[in-house]
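Chains as they are written, first to last, in our numbering: chain A, 551 to 609; chain B, 77 to 536.
Be a bit skeptical, because a hint or two may be false.
[What the hints assert, rightly or not] Listed below are the simulated DMTMM-like cross-link pairs for lysine to aspartate or glutamate, each with C-alpha atoms no more than 20 Å apart in a straight line: (1) B:K92 / B:D145; (2) A:K585 / A:D575; (3) A:K593 / A:E566; (4) A:K585 / B:E400; (5) B:K97 / B:D127; (6) A:K596 / A:D606; (7) A:K585 / B:D396; (8) A:K593 / B:D396.
The set of hints was computed from the structure by calculation and includes no laboratory data.
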Amino acid sequence: MSNNNICRGESLMTVEEWLQSALADADRRGLPALKPILEALAKATKALRAADFNEDASR
Amino acid sequence: MDTALTQLTIEEFGRKLRKRKITAEQLTEECLHRIDADNPRLNAFITVMADEARRQAREADREVAAGHDRGPLHGVPISIKDLIDIRGIPTTAASRVREGHVAERDAPSIVHLRQAGAVLIGKTNLHEFAFGTTSEDSAFGPARNPHDPSRSPGGSSGGSAASIVAGMALASIGSDTGGSIRIPAAACGTVGLKPSHGEVSLEGVVPMSRTLDHIGPLTQTVTDAALVYHALLGDPVTMPPAPMPVSGLRLAVAREYFCDILDVDVRARFEASLDRLRTAGVRVDEIEIHHAADIVPIYFHISFADAATYHAATLATMGDRYTESVRSRLEAGLYIQAQDYVRALAGREVLRREVDAALAQHDALLLPTMPIAAPPIGATTVMVAGSEQPVRGMMLRLTQLFNVTGHPALAVPCGTTSAGLPCSVQLVGCRMQTDALLRVALACEPYITGVPLPRSGIGG
């Protein structure tokens, strides 16, 4: 990501964007069996990021 | 051949050996006979160390005759999960990735077993690289459940559990990262102990997730588990620990999450065990693990990232040598982001404190080991009390928490389903107090199984 993008305040990659990127990579590598596992992983990552034990620098 | 010999417990064999009613060579020969007869059907072993086992058994008998008694494991045939190095023998991890590998030295746990006089009878089949719960994805074909060979023996230490039930060994050493000792113990009806994290050396053991890996024994009884556990530590005891008095024991049961989804028969056997324990004077309280819903995401991120990192080089250079299912899951782990791994480690500390708190006022936690009985080989989903559930998730559901937190946990058989498949309960103790857990388990075992045990006593 270029410094210009950061300065304009564009958000970092969401889990959904990460998943789409990972699925595209799995396609590129010819590994379709990876896709349902990546989807399960994305669901787990969302749950992990939403957990109440995550620290927050503003608090 | 006397097949009843192979159903002896370690304790029973020790008494007969020291009364000269049996020799280590006789017992080893009987185990080898059982392997010859049944391994083609059950596929419990990858490597059978027949000549070496016979040599070790004869040496054990010579030593006993000369008055050199190494302790309770002297002359006992033990199988070893093919993840643990034995000098001069391949450690295949059930994978073509390790074709040509031969271990250069014994793992320290193996050194301790040799010092204790154990007879190492062979290397057992497993789920490839311990990365699964069914032992069906193996370069050597699936291991099978002796109770019903169309079903999984559980995993990943499936061959280990099968080898005991089939009379091929009196005990086995397995590994446990999410439940891989306790799940096959539950599926096959044996005892399985995951000690506290860090107690038993993992040197010379192919890792699945270094953060969560443990090794420990599978045996027929809790007494035997205690004896093998101490031998693994290099601290062979001549007597198992004394059971705690059962009346007055305080056990805690977590209903929410841990008893939400249970097969009808598994639930019935669990509740029957609880009733017998209460009748015996055990106090049973209900507790809650508040972050139980976060167990799966935490386990997923830690175990997959750890495993994928270990396999990164071979996935890139020889990915086609893995079984497809294991390869896919390892590859997925490479996509986990560092920030989420760190989050998972933080969640691990939260769960650890919650289990510590639950144990603060209790001698042990009690819960089912596995929500289902052994699933059919090849099944990806299973019906549980009317709802369709994923097999792998179900098998891991009740065990993986204690890999995340590092608490010692022990699976004990508690009867069977109406179809005759084993059910199991799990006792969990305080961290680094595995002996205390074993003492609780010794007290509870007759009430959990519903079968009175003969009086214990080595050398009696």
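Right, here's what the structure says about each hint:
1. B:K92 / B:D145: The hint holds at about 14 Å.
2. A:K585 / A:D575: Holds, at roughly 10 Å.
3. A:K593 / A:E566: At roughly 9 Å apart (the allowed maximum being 20 Å), E566 of chain A and K593 of chain A satisfy the hint.
4. A:K585 / B:E400: Roughly 13 Å separates the two Cα atoms, so the pair holds.
5. B:K97 / B:D127: This hinted pair is violated, its Cα atoms lying about 23 Å apart.
6. A:K596 / A:D606: Holds, at about 16 Å.
7. A:K585 / B:D396: Between K585 of chain A and D396 of chain B the Cα gap is close to 18 Å, so the pair holds against 20 Å.
8. A:K593 / B:D396: violated (28 Å)
Hints 5 and 8, counting from the list given before, are not met by this structure.
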